[in-house]
Amino acid sequence: MEISTQEFKHCEMIKVKGRVDSATAPQLAQALEKANEDGKYKLVMDMSELEYMSSAGFRALLAAQRNAKKYNRGEVVLVGVPDRIREALELAGFTELFKTFDDPLHAVGHF
Amino acid sequence: MQTVQFQAKFDFLDEIREFVGNIARENGFDDQAVYHIQLAADEAASNVIEHAYGGGADGMLEISCGVKANTLTIILVDHGKSFDPSEVPLPDIQADLGDRKIGGLGIFLMRKLMDEFEYVSGARGNTLTMTKRKA
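From first to last, the protein sequence lines are chains F and G.
Under my numbering, the first residue of the first sequence carries the number 1, and numbering increases by one thereafter.
Under my numbering, the first residue of the second sequence carries the number 1001, and numbering increases by one thereafter.
Keep in mind the hints are simulated off the structure, nothing from the lab.
Note that the structure is a prediction, hence the values are computed from the model and not measured.
Just so it is clear, CB atoms sit at the ideal spot from N, CA and C, and this is done for glycine as well.
Take these hints with a grain of salt, some might be off.
Below are the DSS-like pairs computed for lysine-lysine, each with C-alpha atoms no more than 25 Å apart in a straight line [to be verified]:
(1) F:Lys-42 <-> F:Lys-99
(2) G:Lys-1009 <-> F:Lys-17
(3) G:Lys-1009 <-> F:Lys-69
(4) F:Lys-99 <-> G:Lys-1009
Far from chain G, by Cβ distances over 10 Å, these chain F residues were calculated [stated by the list, open to error]:
(5) Phe-8
(6) Ala-88
(7) Thr-100
Taking CB as the label site, the calculated pair distances span [claimed, not checked]:
(8) G:Asn-1070 <-> F:Glu-51: 24 to 34 Å
(9) G:Arg-1025 <-> F:Gly-39: 38 to 48 Å
(10) G:Glu-1118 <-> F:Asp-103: 24 to 34 Å
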């Protein structure tokens, strides 16, 4: 798994590549927490190059969304979610908790 | 049926997914089914590592996988703490953000992704059996 971040005027984009499972999810959680520590709560998760995500990754996303939405200070949105991962998120009932976009520009423009 | 043993560590999840994924693919399961089988095996193994062995690295985890009559079977055996899957509360997947519970999601997904899910705890350890039929 690889994580990179890109700053925009009104939000931060966090791109996660590769596979997120119980071994790698703590790193993802850490990157999301780090953004929050830096006062960034408006986050775009770019999942377009993500190959795999287990429920360990879903939990990291859920924690980040809770933290972001607290006091209405922000939101986590998802962009480029691959079909298989979208399907698993749907099974888990997670798709209602996150706005999703196909195009990164639209996701960034949401903020 | 092929069988492999792994140390109960999250680092081996990649290999566990590859093991079941290869068998599924070789036997003609499509990409979507392969993903489901890999995710179910990952969730099962993650639960064993996290809960049966409490994250300690000493435990072993044995996985068998094979296909017979268009049905893939995964059998996972561990010698850690057992649990009663019927007592794991179902996650409320309709709940609002603030009320979402974190636990139980793995078992919920395994049941959704696979056709059968059975857990037996006895003298020879804990045995989880899951099957999936080819579409």
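Cross-check of the supplied hints:
1. For the hint pairing Lys-42 of chain F with Lys-99 of chain F, the CA-to-CA distance comes to about 12 Å; that is within 25 Å, so the pair holds.
2. In summary, the hint linking Lys-1009 of chain G to Lys-17 of chain F is supported, as the alpha carbons are separated by about 22 Å, within the 25 Å threshold.
3. For the given pair, Lys-1009 of chain G sits about 34 Å from Lys-69 of chain F by alpha-carbon distance, which is inconsistent with the 25 Å threshold.
4. Among the hinted pairs, Lys-99 of chain F with Lys-1009 of chain G is inconsistent with the structure: their alpha-carbon atoms are about 34 Å apart, more than 25 Å.
5. For Phe-8 of chain F, the requirement that its beta carbon stay farther than 10 Å from each beta carbon of chain G is met, with the minimum near 24 Å.
6. Listed as outside the interface, Ala-88 of chain F is inconsistent with that label: its C-beta sits roughly 6 Å from the nearest C-beta of chain G, within the 10 Å cut-off.
7. Every CB of chain G lies more than 10 Å from the CB of Thr-100 of chain F, the least distance being 15 Å, so the non-interface label holds.
8. Taken as a hint, the range 24 to 34 Å holds for the pair Asn-1070 of chain G and Glu-51 of chain F, whose Cβ atoms sit roughly 27 Å apart.
9. For the pair Arg-1025 of chain G and Gly-39 of chain F, the beta carbons lie near 46 Å from each other, so the given range of 38 to 48 Å is met.
10. Between Glu-1118 of chain G and Asp-103 of chain F the Cβ separation comes to about 44 Å, which falls outside the hinted range of 24 to 34 Å.
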